[in-house]
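Engineer: Now for the letters of each chain:
Number of protein chains: 2
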Amino acid sequence: MPKSHKILVVEDDPVSRETLAAYLRKAGYGVVEAENGDGMRQSLARDTIDLVMLDLSLPGEDGLVLLQELRRQSEIGVIIVSGHHDEVDRIVALEMGADDYVTKPFNARELQARAKNLIRRTQAAQPESRDHPVKRFSGWTLDAPHWTLTDPAGHEVRLTRGEFELLVAFASRPGRVLTRDNLLDYVSHRDWSPNDRTIDVLVGRLRRKLETDPLAPRLFITIHGVGYVFAGSEHA
Amino acid sequence: MPKSHKILVVEDDPVSRETLAAYLRKAGYGVVEAENGDGMRQSLARDTIDLVMLDLSLPGEDGLVLLQELRRQSEIGVIIVSGHHDEVDRIVALEMGADDYVTKPFNARELQARAKNLIRRTQAAQPESRDHPVKRFSGWTLDAPHWTLTDPAGHEVRLTRGEFELLVAFASRPGRVLTRDNLLDYVSHRDWSPNDRTIDVLVGRLRRKLETDPLAPRLFITIHGVGYVFAGSEHA
DNA sequence: GCGTTCTGTTAATATTTGTTTACAATTTTA
DNA sequence: TAAAATTGTAAACAAATATTAACAGAACGC
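From first to last, the protein sequence lines stand for chains A and B. If you read the first sequence in the numbering used here, its first letter stands for residue 1, the second for the next number, and so on. If you read the second sequence in the numbering used here, its first letter stands for residue 1, the second for the next number, and so on.
Hints listed in this document are in silico derivations from the structure and should not be mistaken for laboratory results. You may find that some hints are simply not true.
Repeated chains share a single entry, so a pair holds when one copy, or any two copies, can fit it.
Under the rule of at most 20 Å between Cα atoms (straight-line distance), these lysine to any residue pairs were calculated in the SDA-like manner [claimed, not checked]: (1) Lys-135 to Gly-175; (2) Lys-6 to Thr-179; (3) Lys-26 to His-189; (4) Lys-116 to His-146; (5) Lys-116 to Ser-188.
Please model the complete structure; the sequences and the hints are all you need to start from.
Structural biologist: Here it is as C-alpha cells:
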C-alpha cells in the first residue's frame, strides 16, 4: 500500500536529506529528493508526488516561500520538517497552509504516522479539478500557468497577484457562492474577520478591470450578507 | 452554505473544556461540548460535527477507545488535545488514526491553524456534505450552493439572505409545522419573543414572491397559534 | 537609495435588509 | 355575539453590509 505513494523531500543538507529519504524508503514510500526550490519544481513537474516534506532553511528561496508557492498551485500535503523549535515559525507555517510541522530530531515512527494520515486525507480529496489551467469566460481568457489575462479584444490586462488569484478562485468555481472567508483563505491563507474589507476591495478592483459597467456588475455578483458569486460563463 | 463549522470538544474537566470551547467560539466555530463517550455519541448523532477535539484522559472509556470508535465509523477529523507529553501516547494515537496531537498548554493560534487546515482537508473529501442539495417543489427550483431560486417558468427570482434562508428552512422540512422560534433560530440565531413579528414579515415576503395568490397561500400555510408549515411538494 | 507599484486598512458614504410599529383583518375564546 | 388573541400588511426606521477614495507601509525594480 505505501509503496504506491511518492514523497518529495526538499532539504539542502545532504546528510539530513539522505537520512530522511532512507527512512521513508524503508517504510515503503517512493522518495524523490530535491535540495532547493528549482529541484522541487522540477520534481513536481516530472513526477506524481503525493506528499512534500519541506525543510524551512533552504538556500535561495526559503521554505516558507516554497510553501506559499505550493499552496497557490495545489492542495498537496505538506509537512514542514525543521530544526527550528521556534513557536512562531510553526504557527506561521501552519497558517500559511502547511498541514503539519515536525521538528528535528523527529521520531521516525511518528513522522510515518503523520505522513500516512495526511496522504489518506489528500487521496480522499483527489477529484478536485484545479487542472484546467486555461479558463475562458465571457470572451476573456485566464491562463493561470502563464499568469496572463486576455480580454475579449485580445489585449492583455494586467492584474496584481492578489487580483489574479482572486480571479482564479472565482473562475474555478463559477456560479458558487463564495464567502469572504473562502476567498481570503484562497488568496492569503488568512482568517477573515467581519471588519476585513480586503476581499471587497479586490473585487472592486476586478470589477473596474473586467466589467463593462463596474456599477452594474455582470461577472462579480454580490450576495448581500453572504459573499460573492462569479457569473462568468464559457459562452459570451 | 456559509455556515461556520462545528467542533465537538470531548473533555471531562469543566475548566479545560470551557476554556477550549470559549476560544473556539471566539475564533468563529460552533462548539458542542461533551464530557465523556456517551456525550460524544449523543452529540454526533444530533449534530453535524466537522471536527472532534478529544482529550485522552476521560472517565469510563478513555480517549484512545473513543478514537478507535470514531475512526471505525467515519473519517471525521480528530485532534487529540492532551496533557500527556509522552511520546508513545502521541505515536499510538497518530497510528490509531488521529489527525493531530496537541499538548496542553496549547497555543491557541496554533490550534486554530491546525483545526482549520484539517477541516479544509475533510471538507475537500466530502464536497457536498454540508451543502443543502438542490430542492424542487411545485415547479420551483431552490439551489442553495448557487444561491438561486428559479420559478416554474425558468426565471430567477431574487431573495434577500433572510428570505432565502427561511425558504431553505421550510424546504428542508416540508410538511412539518415549524414554530416561529424554530424559524428565527434558523435565520438569525436568536431567541424568539411573543411580540416578535420578524418571521411573519419574512413569510409575507416569501408569499408575495412565490405564491400564485398571496392572499390564498398554497405553499406557506399558517398554523394559527403554532407557526407555519411548508406545503410545497416535488410534484407540481 | 529612490521612485513606483502593490496591498491592506480606514473612514465616509451608499445601499440593502431586518426589525419594529401601528393598524387592519382574521381567528379563537368565553 | 363580543372581546381577546393572533396574524397580515404597509411603512418607517435601525442595523447591517457593501462600495469607494485616500492613505500608509511594504515590496519591488532600477
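Engineer: Decide, hint by hint, whether the structure agrees.
Structural biologist: Okay, the hints, checked on the actual structure:
no.: 1; hint: Lys-135 to Gly-175; result: both (14 Å within a copy, 17 Å between copies)
no.: 2; hint: Lys-6 to Thr-179; result: between (24 Å within a copy, 17 Å between copies)
no.: 3; hint: Lys-26 to His-189; result: both (16 Å within a copy, 19 Å between copies)
no.: 4; hint: Lys-116 to His-146; result: neither (24 Å within a copy, 30 Å between copies)
no.: 5; hint: Lys-116 to Ser-188; result: between (25 Å within a copy, 14 Å between copies)
Of the numbered hints given earlier, the model fails hint 4 alone.
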